[in-house]
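K.L.:
Chains as they are written, first to last, in the working numbering: chain A, 61 to 176; chain B, 31 to 144.
In silico DSSO-like pairs for lysine-lysine, Cα to Cα no more than 27 Å straight-line:
1) K88/B with K91/A
2) K91/A with K117/A
3) K117/A with K131/B
4) K88/B with K143/B
5) K79/B with K117/A
6) K79/B with K91/A
7) K117/A with K78/A
Just so you know, the hints here were simulated from the structure itself, not pulled from any lab data.
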Amino acid sequence: EADIYQTPRYLVIGTGKKITLECSQTMGHDKMYWYQQDPGMELHLIHYSYGVNSTEKGDLSSESTVSRIRTEHFPLTLESARPSHTSQYLCASSGGGGLAGTDTQYFGPGTRLTVL
Amino acid sequence: AQSVTQLGSHVSVSEGALVLLRCNYSSSVPPYLFWYVQYPNQGLQLLLKYTTGATLVKGINGFEAEFKKSETSFHLTKPSAHMSDAAEYFCAVSDRTGGFKTIFGAGTRLFVKA
Numbered sequence: 061e062a063d064i065y066q067t068p069r070y071l072v073i074g075t076g077k078k079i080t081l082e083c084s085q086t087m088g089h090d091k092m093y094w095y096q097q098d099p100g101m102e103l104h105l106i107h108y109s110y111g112v113n114s115t116e117k118g119d120l121s122s123e124s125t126v127s128r129i130r131t132e133h134f135p136l137t138l139e140s141a142r143p144s145h146t147s148q149y150l151c152a153s154s155g156g157g158g159l160a161g162t163d164t165q166y167f168g169p170g171t172r173l174t175v176l
Numbered sequence: 031a032q033s034v035t036q037l038g039s040h041v042s043v044s045e046g047a048l049v050l051l052r053c054n055y056s057s058s059v060p061p062y063l064f065w066y067v068q069y070p071n072q073g074l075q076l077l078l079k080y081t082t083g084a085t086l087v088k089g090i091n092g093f094e095a096e097f098k099k100s101e102t103s104f105h106l107t108k109p110s111a112h113m114s115d116a117a118e119y120f121c122a123v124s125d126r127t128g129g130f131k132t133i134f135g136a137g138t139r140l141f142v143k144a
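Next comes chain B alone, as it looks inside the complex (with noise of 0.2 Å):
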């Protein structure tokens, strides 16, 4: 079955400096993979995913990650953060072993000092 691990409860980068939130997967057949944001009192929004194709997936306010088989990760890459980034982020994970249904990190809250 797969299952998806978020490395850090919580983050903490200086505003300006590069953001990285690391995600590894488990997953027997190739995985979709999905990165999702949420915002105090509000629900998650989708900020990229990785379905097929290019490994390096580009997603909303200046968000990506690369898609690493090898390494089974799927790590969220910002190089400078700003303080609206400040919120919680979470890695998902479907697959066909699954019935597709997606499966959720624990999350990553990020914090950026000023």
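So that you can see chain A by itself, here it is in the shape it has in the complex (with noise of 0.2 Å):
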């Protein structure tokens, strides 16, 4: 059983708000993702950070920014919350030290957004 949070599970916010998403884990995993996911449509991922300090942006063009001060938290922010991030955000993390590309990630819940 995989031990990864995220919180909040649902959000209804007006546009224009700040938000944060909040992701953590109790495996000690050195990477960790965000995707987007909307119905019928691949899974996109938007940031990664392969270890404390290090953040990358993902495949898809993001408005939102993560931190990853601690090992187990990588929250996601959005500045100014719009109608266009309505959507669910999965958190996942990795770890094992096997060949590169070969890790399982482990998913947390989602949070699922709804901007008015």
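Could you fit the two chains together into a complex? Lean on the hints.
P.N.:
Quick look at the structure:
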């Protein structure tokens, strides 16, 4: 059973608000990821981190930002939410030191964000 | 760059029938291939993965998948569907050319009829 947590699970917020989506894992994994998931669409990687103080943008352009000050914590922030940000956001982590690219990713339950 | 195509956004089977979910990938180098399952209101969890070695991979809950290089496919099968298999299934690929980032398909929703 993977231990990766996301809060809040659901968030409805007005346009222009600043929001932070929390993600924590207790597995000591060095790699963490944020994905955006829309119905019928591929999961899109929006941010990833390979360790503390290391963050990179993913393949899908996003107006969000992330930080990785502690191994276990990888929050995502939207400075000014817009209706186009409405989506499901999934956090994941992986580790293990095996062959690069073979890691199993462990996912949190997601945050469903609605921006009015 | 690598990519994943899952044929069929929805698949419906009867309980006890064969489950076949199709996945084709595009990769110019040896790929690593994954199937993940997502139950309602949960995150994805790994069903099985192919890295190297035996091309027939067995996973959890009776699922298996076969890596066929000549067909660039990694189809997921289960001999007998159970109601609890109803979920969304994602195929994914990673390889060296993509910096080993995992690329996910659009998912296939499996319905199981009683």
